[in-house]
Structures are given as structure tokens and as C-alpha cells.
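Number of protein chains: 2
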Amino acid sequence: MPEAYEHSLSNQTLLELTAALNRGMFVHVRNALHNMPAVDVAFILESTPVKTRFAFWQLIDSEFHGEILEELSEDVRTSIVRQMMPEAVAEATEGMDTDDLAQVLRSLPDELYQEVLNSLDHQDRHRAEAALAYEEFTAGSVMNTDTVTIRPDVTVEVVLRYLRMRAELPKNTDSLYVVDQDDILIGEVSLNQLVTSRPDLLIAQLMNTEVNPIAATMPETEAAQQFERYNWVSAAVVDEQNHLLGRITIDDMVDIIREDAEHSMMSMAGLDDEEDTFAPVVQSTKKRSIWLGVNLLTALLAATVSNFFEDILSQLAVLAILNTIVPSMGGVAGNQTLTLVIRAMALGQVLPTNTRSLLLKELTIGFLNGIIWAVLIAGIVGVWKQDITLAAVIAFAMLMNMLAAGIAGVTIPLLLKKFNIDPALAGSVILTTVTDIIGIFAFLGSAALLLS
Amino acid sequence: MPEAYEHSLSNQTLLELTAALNRGMFVHVRNALHNMPAVDVAFILESTPVKTRFAFWQLIDSEFHGEILEELSEDVRTSIVRQMMPEAVAEATEGMDTDDLAQVLRSLPDELYQEVLNSLDHQDRHRAEAALAYEEFTAGSVMNTDTVTIRPDVTVEVVLRYLRMRAELPKNTDSLYVVDQDDILIGEVSLNQLVTSRPDLLIAQLMNTEVNPIAATMPETEAAQQFERYNWVSAAVVDEQNHLLGRITIDDMVDIIREDAEHSMMSMAGLDDEEDTFAPVVQSTKKRSIWLGVNLLTALLAATVSNFFEDILSQLAVLAILNTIVPSMGGVAGNQTLTLVIRAMALGQVLPTNTRSLLLKELTIGFLNGIIWAVLIAGIVGVWKQDITLAAVIAFAMLMNMLAAGIAGVTIPLLLKKFNIDPALAGSVILTTVTDIIGIFAFLGSAALLLS
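Chain order of the listed sequences is A and B. First residue of the first sequence: 1, per this note's numbering; consecutive thereafter. First residue of the second sequence: 453, per this note's numbering; consecutive thereafter.
One thing to keep in mind: the hints can contain errors.
Just the calculated beta-carbon pair ranges, DEER-fashion [what the hints assert, rightly or not]:
1. S904/B <-> K286/A: 33 to 41 Å
2. S514/B <-> H126/A: 54 to 62 Å
3. N872/B <-> A20/A: 25 to 33 Å
4. R125/A <-> E468/B: 26 to 34 Å
SDA-like cross-link-like pairs, simulated, lysine to any residue; straight-line CA separation at most 25 Å [said to hold, decoys possible]:
5. K739/B <-> G379/A
6. K623/B <-> D573/B
7. K738/B <-> G834/B
8. K171/A <-> Q678/B
9. K503/B <-> V734/B
10. K870/B <-> Q767/B
11. K171/A <-> N664/B
12. K286/A <-> T648/B
13. K171/A <-> K738/B
14. K623/B <-> K738/B
15. K51/A <-> V881/B
16. K171/A <-> R650/B
17. K286/A <-> S107/A
18. K418/A <-> R650/B
19. K738/B <-> D180/A
20. K51/A <-> R808/B
21. K503/B <-> L351/A
22. K171/A <-> L752/B
Calculated from the structure, these hints are not laboratory results. The C-beta atom is built at its ideal place from N, Cα and C for all residues, glycine as well.
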């Protein structure tokens, strides 16, 4: 398989391949896949419904299985690995990057896990166990162990001779790590420095000693934030005693940065981050039903509030007709604030020093929104239903609910975070409950007072 | 200011600084900011309400203004640049990366733009004009022009000597570009290859000729996708004749990848991607009101549907009480499908070959969901309101709306894309309109038939 970036996959190719597969032209598909970089094959698998996916997989030469597995997203990888024989999995993982190897093993069901681990050769098993020693989602679990280390007491020329002897460096190597005899990280030298420095310089004179290595126990999302903030291409991973354990490269972090950014959107809709677009129906239905169940409770709660006002509702059908407008506007306004706050929290921008001014800002926006939309809806309802008191009632409810939306949009995510609940996951449904109840209560309550 | 990654900013520091600023301890704040990397100062500015922001800015030594501007997000940068004097802006942009220089200029109001451009020195003006020649959001507008080029007919040793003479390389240089006498890109040599190859090898023998340079006119999001997919650290940018124009590095792409991933979430709430968390109230209110206006129309449309059923609503107040449940459930289920499809579209996974199976999958999920929640809500309403026909009516409406939600969640984004409308921006509001109207119509319509 050629180097990854020699080709770029066109949608055309993908269409042709799927058509060929459906028409049973297996040899054609096999040849086409054979000449494609692993990333592109992975992309084809991810864009293919579950049923056809394994058919594609079986047409791929098993010697490329490893590379392709490395490129697949976790859900899709799991769906494939679980259909493979243990020996085939073990074979595919041979020479895989440590982090991917560990991830493949983690995605296996328990009974397969041990079987595959036993089938690995000594070196791979050793590497897998090192990575598996760190909890999932930590820097240690995504690091690679293929670092190039040098000693401080040699010259640039010696290092260059050593590198020429090696003849190749691990992918995305931009720095060499300087360690002492106990493997403790004492500095780093970038390839950039190496090629621009005098050959007789000592590494000790050249190296950057102010390295900020990543602790193996740091959460991977935090590590990704550091990469993003400080524009790193790679970073050393160390244990508590500063022993060099491995390195993390930007390509693995880019995936985490994207997943992290998508996480909020997916959670706000009650979806799994890694939800496979073409997952089987039953699995998807199960995953999504929790959210729908919570929403049903919320909707029933709102119905119960309306139920308090059964009398006035049975007197005036017009209230039933207009009852959804105020909650709906409050929900949209509140979700705008909530989305903004959740993003700001994810970027680490929300701090004790600025929450007051954030709350004040959103409250003022809520007030302005309240005035604007209260006046508008009063005008519309006044003209439509020819009733000034009714117009005043809905305007009042709108103003109240917009203020509530601003306050709830800021305070709900802050409170949830305090209780260690993911605001993106629970925020939206709680917010909607609040704006529904306050909207209905303000509208029907003031109607009951003024219109009955 | 020290190298970016020597320090990592703690929230504690940020709290102390804000407190110190508020207490008027300007010298302390100035000194603290002075010893901080530009990224961290930028982060402080982004986490600070607008009022205090410029106070911080004025305490920063003007010699660091450029670096910090480079690190700021666009909205925040614009808010600061517009308060600066033209000469100060020109001074701050001295030596700035080409892409940032062009972005700063683009963010200026017209009258300032020309003034700043005139205050730039010859070289910077030349570079700015080169980048401004490419439309915003293209690869050309985010490229840097600081490439290191070499010729194919020299040896590795000569190149190494040349690099040592230069003594430094541009930030994040991982490859040297090989060009012919007309500046046409013919290959690239990574630093990685350079340090592992024999000194007497010719660059022509060593270079990778299968480079996939990025066209200057390619949209930046597409370029970012390529970086993500092929794990690039940097890529050459060329014009149509394959002349080398500059290069793009991963650190700029990471920002675009994040913005791109956040774009859908922000758009779905009707927010601007770059919306500054601490933007002035009036500006935010204006930006958000478009969305609220659209939603008001939608809510009125739903109210009009209810209005058709005024008779039955005035007979049975219980219908008014239950009227919000079915639309709400349909909205949540539809938004789950919509979010999934929008993400899959953003990742390029939705193709003519798989839309049918995607639609079928979501329709089946809608059907399953419909059955589950219809049975549940029928049970609840039957027990609560002691009315079997009413229970049957709401169950029927639930099933209909869940099916509609599945269909709408897939087809709306596809249709919008066909008409070149951003599905993330308009999808959610159209979907909710559909599920509201179908939900109300199915519920009140069947009630009117069976219960009156």
C-alpha cells in the first residue's frame, strides 16, 4: 500500500466501488482496495452500512488489516474486530502503534481479549501491557513507545551519524529526547535545531531543558488542549519520577480535539460521541431511548402544570392555542445561552472571576429579548384575537420567560458542573423543563388572574 | 517573552490577575503579563469581559502586541484592534505571520484598513497584499510564505551546510521543498529523511516526488480535512501552474478543525461560530434575534394549526393539557436524527450510495420509537385521565410523529444541502416546525374525529 498522502479519495471512486460490490465484482473491488491508502479504505468502511461493511473487509488482503484498523473510528473498529477470528486479530495487530494496539484490545469482549493477548508475540504483548497499564482516556493510554533518545554528552555530529545508521525515524518525529543513564528526561533537541547547529556542539549545550512533558496519568482531553494551545507537534510522556515512557503526536490529538468539540453537540441531542452513522437499528434505538424517556417525563411535568389551570383552559380555548408560543421562545433563547456557556466551559473560559459578568450579560440580553418579543407578540395577538388583556397576559409571560431563560442558561451548566454532571448531556433537557414550566405558569397563571 | 510552552496558565493565576486589576495594582499586573507566554495572555483576554479587556491590553508592553494578536480568536482580536490607533496596529503587525497579518487587516473597518496598510513597511505590505489576493477562507489566505526551498541537484551535505548557515528554520518546519529554476514544486524532503540519509546522496535521489500540494484556492475547511485525514504536519501551497507560494502548518489547521466541529453546534442554536463569550449585550442580542424571530413564526404557525381545532379544544380542556407532549417527543427524536446526519455530512460520510439505507435505518428507528412511546404514553394517559379513546388518540399521534421525525431528520438536511443552505443553521428550526405541525395535527385531528 503506498504512502498515505499519494492519493485522495473521490466520492466517485466510492460510488463505483459500492456498485461493483453489489454487482458481485469481487476481484475488481479487491484490486481497487489493494491500491488505496489505508485511510481511504477506512473511510470507505465508515461510510458503508453495517451489512456491506464486513463484505468489504473480507476482500482486503489481511496483511493490510492492521494499518486499516489503526485508521478506523472506535465504534466501527469494534464492529469489525468482533467478527474476526482471534488469531486474525492477533495477526492484524502485529507491529501496530502501541496506542492503537491497546485500543483494539480494549474493544474486545472479555473472552476474546485474553485469547488475542496470548496470541501476540512477546514484544507486542509487552508493549500492549504497558499501554493497558494506564486507564483509558489518559495520556498514557494514547502514547506511543517508539521514542528516539540520545545522551547529553555527545556532539551533534555523533547524533547525526547515529541517525544515519538507524536509517529511519518513527513517523512524525520532530524532536529527540535527551535522557540520563536512569532514563530520566532532561531535555529535548528538535530536528530543526539539529540541522541548523554546528556539528561540534554538544547536545548538552544545544538542548532545550525547559520541556513540559505530559504526565502519563493526565486525561487525554487535557493533553489535547495543551497541544492546541501551545501548537505542539509531539510531546514526551513521563511517569511521576520523570522517566521517559513514550510520546504523543499531533495526529492522535487532532482526533481527540475533534471528538471533544463534537462531544457537546452530540450530547446535547442525547447521542453518543462515537455513534456510528450506520449502526444497527436496535442498538441505536436503545441508546437514544434514554433521552426520549427523560423528555417524556419533562413533557408530562409541563402537562401537569397546564393541568392546574384546567378551569381557565376549558373556559377559553384561545389559551390552549397560544399556550405553546411562550415556552417555545424561552426554550430557543435559553438554548442559545446554554450553548454559548457550554462551549466557553469546554474552552476553559468560564471562571469564578467572570461568572457574575457573564450572568449579568445574559440576563440583560434576556431582558432586551423579553421586551422585544413581548411587544411583538402582544401586537400580533392583539390584532389576531382582538383582546387587549390577552395581549398583555402573553406579553408578560414572554418577558418573564426570557429572563428565566437567560438565568437558567448560565446557572444550569454551572450547577451541573459543580455536581460533576456533564452540562452538554443534561443541560438542554433541564433548561427546557425550566422554560416550559415557567412559560406555561406565567401565561396560564396570569390568564387565570386577569381573564376568568 | 519566553517560549510558548515553558509555562502553563493556571486558573489561580488568572483569578489573581483579575483581582489585582480590579484593585488597581497596575504595576503588578503589568509585570505578571510581561512574564507570560503570548498564548496565555491571549487566553486571559478571551476570558475577560469586554470592559476589563482593553484595560489589560493597555498594560501589555506594545512590543508583545503582535504575538498576542496572532493568538487571539477573530472576534476578540477585532474588538481590540478597533480600539487601537492605526500606527499602533501597523507597529504590532510588524513581522507577523502572513496569514495573521492578512486576518488583522481584514478585520479592520475600511477607513482604518488603508491607513494601516500605508503604515506598513515595504516588505510587510508586499506580504499582506499577497495573502489578501486570496479570498478569505481559502488555503491561500491562511498560508505562510516562509518556506525553505532547495534544488534537486545538490547533496544532503550541501543542504545541511546551507541550513547551518541559516542557523534557524521557520516554526514547525518539518519538510524542505524542492523547486526548479522557475519555482515550480517538484518534490519534498522531510527533515526526518535529511538526518537519516547519507551525506553524499543527491536531493533528487532522496526527495519524495509524489507530493500532494494544496491549491491556494481550495477552501480552508477542505484543506483542514486533508490534514486530518492524512496526518500531515505541514503542506505546500501552490498556484495553478504548481508554483510554490507558501505552506500551511498543522497549528493553524487545528483551529479550523475545532471551529468546523463547533460550527454545527453553534449554528444549530442560531449562534455565530466565532461569537465572543463576553461580547457586548446589544451586539449579541442583535445576532441572536434573527433566530428568535424565525422561531416566533414557527410557533405562530403551530398555533394556527391548533386554531383549526378551536371547537374540540373548547369542548375538552384535557386536549389543551396534553397537546404539547407529542410535538415535544417528535422534536427530540427528530433532532437526534438530524444531529447524526449533520455530523455525518460534515465528515463527508453521506453519499448517494448510502442515503437510502440511512433513511431506511432512521425510519425503522422512528417506527420502533413510535411503538415504544405510543404504548407508554397510552398507558400513562389511560391511567391519568381514565379515557381509553383519548389514550388511543395520543398513541396514534405519537406513532405518526415519530415516523415523521425520522423521515424529516434525514431528508431536511439533504434537501437543504441541495439548495446550498447550511443544514446546521436552518435544519433544526425547519425540523421542529414539521414535528410540531404533524404532532398537533395528528393529535387534535384524530381527537376531533373520535372524541367530539
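Tested hints:
no., hint, in the structure
1, S904/B <-> K286/A: 33 to 41 Å, "holds (39 Å)"
2, S514/B <-> H126/A: 54 to 62 Å, "holds (55 Å)"
3, N872/B <-> A20/A: 25 to 33 Å, "holds (31 Å)"
4, R125/A <-> E468/B: 26 to 34 Å, "violated (49 Å)"
5, K739/B <-> G379/A, "holds (23 Å)"
6, K623/B <-> D573/B, "holds (23 Å)"
7, K738/B <-> G834/B, "violated (46 Å)"
8, K171/A <-> Q678/B, "holds (17 Å)"
9, K503/B <-> V734/B, "holds (14 Å)"
10, K870/B <-> Q767/B, "violated (45 Å)"
11, K171/A <-> N664/B, "holds (18 Å)"
12, K286/A <-> T648/B, "violated (53 Å)"
13, K171/A <-> K738/B, "violated (49 Å)"
14, K623/B <-> K738/B, "violated (40 Å)"
15, K51/A <-> V881/B, "violated (33 Å)"
16, K171/A <-> R650/B, "holds (19 Å)"
17, K286/A <-> S107/A, "holds (20 Å)"
18, K418/A <-> R650/B, "violated (59 Å)"
19, K738/B <-> D180/A, "violated (60 Å)"
20, K51/A <-> R808/B, "holds (13 Å)"
21, K503/B <-> L351/A, "holds (16 Å)"
22, K171/A <-> L752/B, "violated (58 Å)"
Hints 4, 7, 10, 12, 13, 14, 15, 18, 19, 22 from the list above are not met by this structure, while the remaining hints are.
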